[in-house]
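Novice: Given next are the chains, with one letter for each unit.
Number of protein chains: 2
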Amino acid sequence: MNWPEKVIFCEVGPRDGLQNEKTLLSVEQKAALIEGAADAGVPIIEVGSFVHPKAVPQMADTDEVAKKIRRLPGVEYRCLVANKKGVERALASGITKVKLTLSASESHARANMKKSIAELLEGFKECTAFAHENGAAVSGAISTAFGCPFEGKIPVAKLVEITEKFMELGITELSMSDTTGMANPRQVYDTASFMREKFPAVRWFLHFHNTRGMALANMVAGLNAGIIRYDASLAGLGGCPFAPGASGNVASEDMLHMLREMGIETGIDLDRMIALARQLQQWVGHCTDSSVLRAGKNSDLISRTEAKKQ
Amino acid sequence: MNWPEKVIFCEVGPRDGLQNEKTLLSVEQKAALIEGAADAGVPIIEVGSFVHPKAVPQMADTDEVAKKIRRLPGVEYRCLVANKKGVERALASGITKVKLTLSASESHARANMKKSIAELLEGFKECTAFAHENGAAVSGAISTAFGCPFEGKIPVAKLVEITEKFMELGITELSMSDTTGMANPRQVYDTASFMREKFPAVRWFLHFHNTRGMALANMVAGLNAGIIRYDASLAGLGGCPFAPGASGNVASEDMLHMLREMGIETGIDLDRMIALARQLQQWVGHCTDSSVLRAGKNSDLISRTEAKKQ
Numbered sequence: 001m002n003w004p005e006k007v008i009f010c011e012v013g014p015r016d017g018l019q020n021e022k023t024l025l026s027v028e029q030k031a032a033l034i035e036g037a038a039d040a041g042v043p044i045i046e047v048g049s050f051v052h053p054k055a056v057p058q059m060a061d062t063d064e065v066a067k068k069i070r071r072l073p074g075v076e077y078r079c080l081v082a083n084k085k086g087v088e089r090a091l092a093s094g095i096t097k098v099k100l101t102l103s104a105s106e107s108h109a110r111a112n113m114k115k116s117i118a119e120l121l122e123g124f125k126e127c128t129a130f131a132h133e134n135g136a137a138v139s140g141a142i143s144t145a146f147g148c149p150f151e152g153k154i155p156v157a158k159l160v161e162i163t164e165k166f167m168e169l170g171i172t173e174l175s176m177s178d179t180t181g182m183a184n185p186r187q188v189y190d191t192a193s194f195m196r197e198k199f200p201a202v203r204w205f206l207h208f209h210n211t212r213g214m215a216l217a218n219m220v221a222g223l224n225a226g227i228i229r230y231d232a233s234l235a236g237l238g239g240c241p242f243a244p245g246a247s248g249n250v251a252s253e254d255m256l257h258m259l260r261e262m263g264i265e266t267g268i269d270l271d272r273m274i275a276l277a278r279q280l281q282q283w284v285g286h287c288t289d290s291s292v293l294r295a296g297k298n299s300d301l302i303s304r305t306e307a308k309k310q
Numbered sequence: 001m002n003w004p005e006k007v008i009f010c011e012v013g014p015r016d017g018l019q020n021e022k023t024l025l026s027v028e029q030k031a032a033l034i035e036g037a038a039d040a041g042v043p044i045i046e047v048g049s050f051v052h053p054k055a056v057p058q059m060a061d062t063d064e065v066a067k068k069i070r071r072l073p074g075v076e077y078r079c080l081v082a083n084k085k086g087v088e089r090a091l092a093s094g095i096t097k098v099k100l101t102l103s104a105s106e107s108h109a110r111a112n113m114k115k116s117i118a119e120l121l122e123g124f125k126e127c128t129a130f131a132h133e134n135g136a137a138v139s140g141a142i143s144t145a146f147g148c149p150f151e152g153k154i155p156v157a158k159l160v161e162i163t164e165k166f167m168e169l170g171i172t173e174l175s176m177s178d179t180t181g182m183a184n185p186r187q188v189y190d191t192a193s194f195m196r197e198k199f200p201a202v203r204w205f206l207h208f209h210n211t212r213g214m215a216l217a218n219m220v221a222g223l224n225a226g227i228i229r230y231d232a233s234l235a236g237l238g239g240c241p242f243a244p245g246a247s248g249n250v251a252s253e254d255m256l257h258m259l260r261e262m263g264i265e266t267g268i269d270l271d272r273m274i275a276l277a278r279q280l281q282q283w284v285g286h287c288t289d290s291s292v293l294r295a296g297k298n299s300d301l302i303s304r305t306e307a308k309k310q
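Order-wise, the sequence lines are chains P and C.
Heads up, the first sequence stops at 310 in UniProt numbering, and the numbers go up one at a time, no gaps.
Heads up, the second sequence stops at 310 in UniProt numbering, and the numbers go up one at a time, no gaps.
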């Protein structure tokens, strides 16, 4: 098997993790989370999203959060946007990297955005042009890239088509997102290998949810396909309104723990991330899908004396 | 990446799953579990263990369970034993396949068995000779093969040494067990590839716990190293007394779901296994680490109408 020396990690907890939580975090808590991740060495952080506050009330204060955070040089602070208004808000808050998400499934696009894929792409044109004119970088994400809870399997031809549309807009950084945790390792390896070869100019991210327990298995497949950029969410927050009871994003601490055990460099302090994940779990006030928070790290060895006491 | 066409699956829930449970299942419940797994198509089932009832009270009725179960032709019903007495009990209960477990870590051997590795191996001689004389097959397991909660990393040289000892006893079916969930995919790939090449006569099993969420990732690595035999436990029961709060064995239904999604044949009816896992979860009376029990299968698609109601 082939392993990279280094993985570029993106923390999406402040956005994808919190957007489905019933408990609303304060601006201060969100800022502490983002600053904590940056201090731990995370190079890319998804700060929030500039979407309609009625659609996602959890993200209504993203402007405030973005303005409040102490920025570290070299760290990329990015936000999700859905239209030109979002880009305006991002720029006004000092965010210079925005992300546009498009579902690979027509049914999912309509359920989530109330628009067809074609309509969404049409809106992205104005949005991207405006961002580029104003010096903001734009990346893209293909959601339900590996399966849709309404439609099932997504043909790879659909991913090719959407990637081409994104590239026509001048977007060359793209994430393939397994929004509801339907990807399997064989599919990830085949799809990621194919897409990398088909679009060598694209910087690919992979974004896995752990809904059916396959997220880290999928990451292993992604690494072997040569993808080195991965999203995850502290404490495994996240989930999807269309998969009741499902786990959320794969937990950042689980991913970083696995990478450390494998000797793959991330530049991130695992212990600081674990502490941050624990804090976040307390703030949201419920258990989350994080193995490392439950069981500890491999390196937390116990002495025989401790064992006898148990 | 390389995938096999077929995986040989062993259900260890009735033994490894139940041996740490506070709730004791009845003989009838255990028999229903074992018969249910066989009816679902599981080719190998670990029925229980013949060890001292004071050491593992959960397994005290293994004799009764083994006698009670309706046997399907072609299914292997195997039990754990630790000494000659265990083999005698196995034979008296109609069990003709026994498994001997040896820890790769001296500290873990002493904590679990109150004996050194050398002393245990000495005992295995009598045990194996007696089993072979009486027509019982013997397999072996190397526990803490990928790491020990007391000692940390286990050198591969130790696995080689133990494998040689097992082979001297005429045992050529061996499992490498990640008893407390410390294995990582790179290590599994390297170790499994090396051991397969070093001991081509051995039929290898891999046995993963999902303590740090890496079990299915490790399976992907094992599959790529050419190992096709895997243990798992219905509902993800199991765990280890030395890893408080830790998850147990990887859930059978999660493993079988992943394999089905990957197009790898097991000959097992996933839906029957899911129903059995749900039943087992009710019997033990607590939540367990099973993603598929929480979130359902990939193929459980929802209609847009259902989604709107949520």
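Quick caveat, the hints were computed from the structure, so don't treat them as lab data.
Given the structure is predicted, the values throughout are model-derived calculations rather than measurements.
Cβ atoms here follow ideal geometry from the backbone N, Cα and C, with glycine treated the same way.
One or more hints might be untrue.
[As the list claims (entries may be wrong)] List time: in silico BS3-like cross-link candidates among lysine-lysine, alpha-carbon distance up to 30 Å:
1. C:Lys-297 / P:Lys-158
2. P:Lys-22 / C:Lys-297
3. C:Lys-125 / P:Lys-297
4. P:Lys-114 / C:Lys-165
5. C:Lys-84 / P:Lys-297
6. P:Lys-54 / C:Lys-114
7. C:Lys-125 / C:Lys-114
8. P:Lys-115 / P:Lys-6
9. P:Lys-85 / P:Lys-6
10. C:Lys-125 / P:Lys-6
11. P:Lys-153 / C:Lys-125
12. C:Lys-22 / P:Lys-68
13. C:Lys-6 / P:Lys-297
14. C:Lys-165 / C:Lys-84
15. P:Lys-22 / P:Lys-6
16. P:Lys-54 / P:Lys-6
17. P:Lys-68 / P:Lys-115
18. P:Lys-153 / C:Lys-84
19. P:Lys-115 / C:Lys-158
20. P:Lys-84 / P:Lys-6
[Unchecked claim] Stretch-level coverage of chain C by chain P, calculated; a stretch enters the list once three of its residues show a Cβ under 8 Å from a Cβ in chain P:
21. 185-196
22. 257-263
Novice: With reference to the structure, classify each hint as holding or not holding.
Specialist: Hint check:
A hinted pair counts as satisfied when its Cα atoms are at most 30 Å apart, and C:Lys-297 with P:Lys-158 qualifies at roughly 23 Å. Restraint check for P:Lys-22 and C:Lys-297: the C-alpha separation of about 26 Å stays at or below 30 Å, so the hint holds. Note on C:Lys-125 and P:Lys-297: the hinted pairing is violated, with a Cα-Cα distance of about 37 Å set against a maximum of 30 Å. For the hint linking P:Lys-114 to C:Lys-165, the alpha-carbon distance of about 66 Å lies beyond 30 Å, and the restraint is violated.
For the proposed pair C:Lys-84 and P:Lys-297, the alpha carbon gap of about 38 Å is over 30 Å, so the pair is violated. Restraint check for P:Lys-54 and C:Lys-114: not satisfied, since their Cα atoms lie roughly 63 Å apart, outside the 30 Å limit. For the hint linking C:Lys-125 to C:Lys-114, the alpha-carbon distance of about 18 Å falls within 30 Å, and the restraint holds. Taking the CA atoms of P:Lys-115 and P:Lys-6, the gap is about 38 Å. The hint is violated against a cut of 30 Å.
The hinted pair formed by P:Lys-85 and P:Lys-6 fails the criterion: a straight-line CA distance of about 36 Å is larger than 30 Å. As the CA atoms of C:Lys-125 and P:Lys-6 are separated by approximately 48 Å, the hinted pair breaks the 30 Å bound. For the suggested pair P:Lys-153 and C:Lys-125, the alpha carbons sit about 53 Å apart, so the restraint of at most 30 Å is broken. Distance check on the hinted pair: C:Lys-22 and P:Lys-68 sit about 50 Å apart at the alpha-carbon level, beyond 30 Å; violated.
Distance check on the hinted pair: C:Lys-6 and P:Lys-297 sit about 33 Å apart at the alpha-carbon level, beyond 30 Å; violated. In summary, the hint linking C:Lys-165 to C:Lys-84 is supported, as the alpha carbons are separated by about 18 Å, within the 30 Å threshold. The suggested pairing of P:Lys-22 with P:Lys-6 is violated, with an alpha-carbon distance near 36 Å, which exceeds 30 Å. Restraint check for P:Lys-54 and P:Lys-6: the C-alpha separation of about 40 Å exceeds 30 Å, so the hint is violated.
Restraint check for P:Lys-68 and P:Lys-115: not satisfied, since their Cα atoms lie roughly 33 Å apart, outside the 30 Å limit. Distance check on the hinted pair: P:Lys-153 and C:Lys-84 sit about 53 Å apart at the alpha-carbon level, beyond 30 Å; violated. As the CA atoms of P:Lys-115 and C:Lys-158 are separated by approximately 60 Å, the hinted pair breaks the 30 Å bound. With a CA separation close to 35 Å, the supplied pair P:Lys-84 and P:Lys-6 exceeds the 30 Å bound.
Against chain P, the segment 185-196 of chain C contributes 4 residues with a C-beta closer than 8 Å to a partner C-beta. That satisfies the three-residue criterion, and the hint holds. Counting residues of the segment 257-263 of chain C whose C-beta lies closer than 8 Å to any C-beta of chain P gives 5; at least three are required, and the coverage claim holds.
In summary, the structure is inconsistent with hints 3, 4, 5, 6, 8, 9, 10, 11, 12, 13, 15, 16, 17, 18, 19, 20 from the numbered list given earlier, while agreeing with the others.
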